[in-house]
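Following the hints, put chain B in place on chain A, whose structure we already have.
So the protein sequences, as listed, match chains A and B. Position 534 of the first sequence, counting from 1, maps to 534 under the numbering used here, and the rest follow consecutively. Position 342 of the second sequence, counting from 1, maps to 342 under the numbering used here, and the rest follow consecutively.
Worth double-checking, as some hints may not be accurate.
Claimed, not checked - Listed next, with one range per pair, are the computed distances between beta-carbon atoms:
no.	chain 1	residue 1	chain 2	residue 2	range
1	B	564	A	147	40 to 46 Å
2	B	196	A	587	23 to 29 Å
3	B	573	A	134	27 to 33 Å
Calculated from the structure, these hints are not laboratory results. We put the CB at the ideal spot given by N, CA and C, even for glycine.
So the chains spell out like this:
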Amino acid sequence: MSATGRAIIGVDVGGTFTDVVAIRDGSVQTVKVPTDAVSTELSVLHGAREVGVADAAIFNHASTHGLNAIITRRLPKVAFLTTEGHRDILDIGRCWRPLEGLTNAGWRRPFGDAARPLVPRYLRRGVRERLTATGGTLIGLDEVHARAQLAVLRRCQVQGVAICLLNAYVSGRHEQRLRELAKEELGAGIEVSISSEVSPLAKEFARASTTVIDVFMKLIYADYSERLISGLEPLGFEGELNFADCAARLVPLDVAMEHPFQVVFAGPAAGTRASAHFGALTGDDSLLCCDVGGTSTDISVVTRGDPYVSTTLELEHDLVVNALSNEVSSIGAGGGSIVSVNEFGELKVGPASAGADPGPACYGAGGTQPTVTDACLLIGIIDPDGFAGGRMLLDVDAAVKAFDRLETSLPFGARIRQAFQVGLHNIAEGITNVAIKHGLDPRDYTLMAYGAAGPMLLPAVLDLIGARDVLVPPYPGLFSALGLVSSDLVYGDSRSAYTVLTPDVADDIAAVYSEMETALRARLADDQLAVAEFVRSFDGRLLGQTWETPFIDVPSGPIDGAAVTGMLRNFHLTYGARSGNTFEDLPVQGVTYRVQVRLPADKVQYPRVAERAQGSPVSLGTRPLRYLFDDEIEAQQYGRGSLGCGDRIEGLAIIREGLSTTLILPGQVATVGAFGELRVTRKADRG
Amino acid sequence: MISQEPRPAGTGRLRDLSEAEFAARYGSDRFTMSVLANKMRFIVEHMCGNLLNNAFSQILRDWYDFAATISGPPGADYPMAAVSNSLAVFFGTMADGLRNAVEEFGPGALRPGDVLICNDPYRTGTHVNDVLLTRPVFRGGELVAFVSLRAHQLDMGGPVPAGFSATKRNVYETGLVISPQLLYAGDRPVRPAFNLILDNARYGSLLLPDLRTIYQNLKLGERLITEAIDRYGRGALASAIRYGCDVSAESMTAAIAALPDGTYRGETLIDADGVDASREYTVRVSIAKAGPNIEVDLSGSSPQARTSINASVLDTKTAIGVGLKYLLDPDSPFTSGTYRPIDIVLPAGTIASATPPDGAIFLYWEGANPVLAALLKALAAAVGSNAMGGDFGSTTIHSGNGVFADGTPWVTAAQCGGEHGPWSATRHGDGDSYSVNYQGNNLDPATEALESDAPVVLLRKEYVIDSAGAGYHRGGAAVLKDSLWLTDAEHWSSPLQTKRPSGFGVCGGDDGKPGAVWLFEGHGTTPGAASGLLPVDDEVYARSTPVAGLLDPATKARDPEHGQYFYFASTPIWRTAPGAIFRYITAGGGGWGDPFEREPERVRCDVRDGYISIAVAEHDYGVAISGDPENDPEGLRIDWLRTRALRDRSEGRTADGTRPSLLRLGRHSTNKGSAPGRWMNSLARGDG
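Same shape as in the complex, but just chain A (with noise of 0.2 Å):
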């Protein structure tokens, strides 16, 4: 129930299916359809009439609408202006070649001009102009030049600019000036987005590419954000409508769309929000987040309550982008995860997926080839009559033959058996990687199990990664929407200004935050302003290198010299802790000064499941689970929905519920927390 008594709306739009939950009265309302590729906010619409948004209060949005866009470069046609001689920065990235590249003849970088450019090259023009790095005039912007430029891109019609010019991070003022000539020459409608403003940080390449996504965003979200508006009127809806940016943090619309690149990735870091925020009723502060669906396992981490945020994201390898985000791994094994035999007879899976279209060979849906869900179907685990809630029916004879079809001497139970053990090693050796990159032990850490398949596939996986549980929350296969009333309302600003910090330099620290403070308090209706929380940090670097530590406390109150003295003390202990070392003698250098304002929102209440008043779970009888042991073992099935708090169900079990199924193997055990949780652990551990 929310504080208000109002209802609250959050809408997780994901490449196949768009998961709808509705928090109204003390329960929580699930609903998902399809995603319409063409038109996604028709999906959005669909669910919103659904759940009714007449009575809501607020209505959070995620999508990786964005995202896809990028991915598959289904894009607007923007052009990239730069200054003349540097044309080839967006092709050029950092460089860097990944390890499966390393000596691979066939890698190329995935966004370069030999591959799949998001600006091709003739879109991609210099104007003369230069900027030196202390900001001093080395040529003036030759605006005759520019308008020559501006025409061609006219008479191309691109529908956005994206500009970046060399050392703007220390002025903007070639960038404004060329801003205007853009909207002089191309029409004032035009989207036109500049790195000075967008991401005014040090290196060319990340900026420049934050800026082109800045500019593709704007194009994308904008009318679509119109659409959605113009949809949710007829619908009743007169409450604030947010969108979750990359850390899945609730901002509202019209400030989301003065820089949408924030708002590019948003859907998987609402799992770990939905994570964070769950753990904290059970107690559980400390997860590896995992959510399994059609194509792809998202990996991310929660440690001490927190999401794991970085201050980059990176859309494909090397392609970067400088925003705040939940550090999300992902890598192709889920659900769809398609089954072949490679050259050398070995049974893979993955990372190609049959998608939702034509999906599992057992859709019947013109789908041949086999998949995990298959696999699953033909050992028993998943219902045929009962998939996603009843609405659909599987096609055993089709996914019996599409694994016929296998090239392989392996007998037909073995096919199976392997393709739903290499399926959970490819999903265990994705979170021990981001394990080892984050250096936590898994024994410390319980694997929080949601998307549609996870619950079926984690508890397997238990054992692989040395976990100490796994924790399948309610609504598993929304669980990620539900992070989208699990967050608060957070207004966010940064600046970037590289400073060295002296007590001397504190008067224009404090400008800096006075700026951005002001202009946020602004924002705020009065009632806000009186349960606002406004939190500072800074990213710093010790003078001479180039990668800033992040996210270091700055003190609240007025900035003065022992404020200043105060941020080095931080620093250095932050640097000190991270790192290994301390260089107290060297000078600090401040480089982006950031302020959030935390507004508390309304978030979801779990409804509390009550204790079985008298006798044992009732098991709905058993079902055969084939292959996957060397004889045939029947498994006794629940209803989750009947399940009370303090049951205890050993395996081997399946437990059903609306959209999703979990398995517990046999010397494991499930007991249900208060929220009705299962917490699934080895029964060795438990005595």
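Frame of chain A, contents of chain B only:
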């Protein structure tokens, strides 16, 4: 000393082993071995990622000029099981370099908490600036593994700030040599060792924090390995190191066996050394392949050069391993096991195996990259459509230095020359235009980071039209860099392959155009004085001072066929006043396959995108295009009838053998969507 990997008993392939056989060989199960092998690869990545983000000197923080490895203990002969995703030239030499350093120091003398350093190219490969730091990992009092970082130090003494020069004549000029010794003993810094470095090298204020940061990351690697041992056991780690090497060995062995038997030869020419232009140097590779065996012989190569463009035996060994991986076995992890099936014959004292004191080594890659290029040429026919052409060849490194107005020194190394450039096309598609050479993997230093460190403005950093080797798949385009120097400065410029196209084409593809270097003085450094950018057309060179290349003596523009060779070290040190501009143009990448098979639509896109001109589209690709690419890029049109005529005429060329057709070489496995000959269909449909 180069070690030959021991070949294990039992020839059963890993994938054919039953679980019981696998357990008998490794004392562990398959899953644990693959998890540990994977874990080691992540450990080295973590060591590197953390060093990058905390480094001070530009060569580490903006170039990623370092690598990390994990090796097994002396008793197992130091097998190197994991390397980081960085420069092959580094990690390729680290297995042997580490063994040499530890053996000389004495493995028994190492204690927990020690860090061993060594930077001698003849002992550990590469050059003196690349200091190899090794941390022994002990468990239960026993030495069980090593973690190593090799990281480029911005300076290691000698006459040239930052060190990069092709003109150093002997080991006494290349910089400080550090024999194997401790930098940390029992986790305490060894003061004399630090003093040795800081008393002899420039920029100590960057070196000291960098060395301390490297030390922390060695400790990080040690901790992660120790945790893995705690969890899986010491025996499992030892087995996983062995398993990791066995996987690479098996993969390379199978790949070599699939190569047709025969003897294959290739060679690469280096223009000159830093003494005078009288001697060219040739790297000759002869490869004998019979059954499962392969022998790579460099016996016919030139004697070592008189200045610092030589490679050591370890650099050459690396180049051979990397080249064979590219062509035959790209996917398996690189470990010391990669070399198990490879024999190398390498006499001492060649340009690829220099010896001290006269065989100076600094620009070691200029000796080693030609080994890789010669190997690619040698095997081009044998590997068929998998052939790989040449990259931009010489790294053509530039370094500049001077002092700011307040007297503080500045230096920039490997940022303003031809350090990045194109790769060749392959059967997979066109080549990328901007990469480091085939043996490297680095970050590209941001122009903005460069300009905030040094008084230089990079006026241009962009691709050159009509520079790429034509082909069914086009090579990457050459990179042009114009650097404007704002103060007095001195420069070393080292372009070593301008006489021949280093970006050679394969499978009927053309060579890319050779590069060149020029100096323009008196450009002005203030808004009024600076007359904008230097034009890129050929007329501009008449007023230049040539630095290197085959140039027309009058116009000083490039003329690869009839030009005169301008020798880079005719002026060993270029001293310039404010307003000087160096222009570097790299070589273009080689093409793959017959350009007359390239779909006209792709040719039109190349014209639209400024990769080729209308004239080259017609001459090199047989595609007639009309329009104004600069001002109306979307208005370009293909003249289908003329294109058909041009391409029909080219059939005659094929017959006389001057341009072997891709189709005649046999159908190659290309993507369905881009199969050669498909343009014919569009031609048949097209009405012009």
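Going through the hints against the structure:
Taking the beta carbon of each, residue 564 of chain B and residue 147 of chain A are about 43 Å apart, inside 40 to 46 Å as hinted. Our hint of 23 to 29 Å for residue 196 of chain B and residue 587 of chain A holds, since their Cβ atoms are close to 27 Å apart. Against the hinted window of 27 to 33 Å, the Cβ-Cβ separation of residue 573 of chain B and residue 134 of chain A comes to about 28 Å, which satisfies the hint.
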